[in-house]
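Since chain X is already given, all that's left is putting chain F on it; use the hints.
Number of protein chains: 2
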Amino acid sequence: MLVRHKGNLRWENIPILAYKEEGGCFKDITRQILFEGSGDIPCQLRYFEIASGGHSTLEHHEHLHLVVIVRGEGHVLIGDTIHSVRENDVMAIPAHAWHQFRATSDKPLGFYCIVNVERDRPTRPNQDDLKSLCRKPEIAAFIRS
Amino acid sequence: MLVRHKGNLRWENIPILAYKEEGGCFKDITRQILFEGSGDIPCQLRYFEIASGGHSTLEHHEHLHLVVIVRGEGHVLIGDTIHSVRENDVMAIPAHAWHQFRATSDKPLGFYCIVNVERDRPTRPNQDDLKSLCRKPEIAAFIRS
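Sequence order for the protein chains is X and F. The first sequence begins at 1 in the working numbering and counts up by one. The second sequence begins at 1 in the working numbering and counts up by one.
Note that these hints are calculated values from the structure, not bench results. Any given hint could turn out to be false.
The list treats identical chains as interchangeable, and a pair is accepted whether it falls inside one copy or across any two copies.
[Claimed, not checked] 30 Å max Cα-Cα, derived DSS-like pairs, lysine-lysine: (1) Lys136 / Lys6; (2) Lys131 / Lys27; (3) Lys107 / Lys27; (4) Lys6 / Lys131; (5) Lys20 / Lys131; (6) Lys136 / Lys20; (7) Lys6 / Lys107.
The shape of chain X in the complex, shown without the other chains (with noise of 0.2 Å):
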């Protein structure tokens, strides 16, 4: 029922996770699952954390992803912009948005993210993606893939 927070972003009986069990490009980042869904909240709370220089996978998929910030500064692409984000800035990333999460400044980049418990598979851009994606300039500056 309480999770209790023991430091550096890091609770009691909460196992340090990889980000994903399966492949796919990424770095340097973390996943601690903090509630499982339950009753009426049907939704998980996971805490992200990306090691400066890290990134996490570029990808889509039909479920929501509700982001807060807790600790760091970094950059987010959403669909088609790059946004700067730091701590408590709340995101909502909309259906079949583009997104991928960069830890560019020299702190972690830590946030929570809410999630569906049943969701879909995330899609990989494929050539044709990137190549869409690519066409703007900062955007091809940006994603890691």
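For chain F alone, kept in the frame of chain X given last:
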């Protein structure tokens, strides 16, 4: 899509609301709605802040609360147990558990609270409930009603 934090746990274009639309026994508490629920996340994300010495309403309801402490320290009654809580502690408040937050330190107690968009109305304690709760002297001393 992006709700920017403007500092001090206040967000751009997010009004600071009364804790509740209607009466009840509470003190020095504000509410900001950061996400209204959308798509497959049928939940609101709210930020509540209780000034030092203040408290939320003592109540229970069918719907769950998922709470993440964001700033400060305080205490929370959940069911028949009082917990001390502080930054980044995470808790799920089960259906029909009596609960009340109190900002018992000299700083505000701020927390995110996730609830389903569709939820039942809270029940406040009647005299019998209070009598039952107050069988434990520490709860009798803790609750504000």
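Hints and how they fare:
1. Taking CA atoms no more than 30 Å apart as the test, Lys136 paired with Lys6 passes between copies only; the shortest distance there is 29 Å, against 43 Å inside one copy.
2. For a Cα distance limit of 30 Å, the shortest separation of Lys131 from Lys27 inside one copy, 22 Å, qualifies, whereas the shortest one across copies, 56 Å, does not.
3. Proximity of Lys107 and Lys27 under a CA criterion of 30 Å is satisfied intra-copy only: 14 Å inside one chain copy versus 38 Å between copies.
4. Neither within a single protomer nor between protomers do Lys6 and Lys131 lie at most 30 Å apart by alpha-carbon distance, with minima of 44 Å and 36 Å respectively.
5. In the homo-oligomer, the alpha carbons of Lys20 and Lys131 lie at most 30 Å apart inside one protomer (26 Å), although the nearest pairing across protomers, at 50 Å, exceeds that limit.
6. Proximity of Lys136 and Lys20 under a CA criterion of 30 Å is satisfied intra-copy only: 28 Å inside one chain copy versus 46 Å between copies.
7. In this assembly of identical chains, the alpha carbons of Lys6 and Lys107 lie at most 30 Å apart whether taken from the same copy (20 Å) or from different copies (20 Å).
This entry does not satisfy hint 4, going by the numbered hints stated previously; all others are met.
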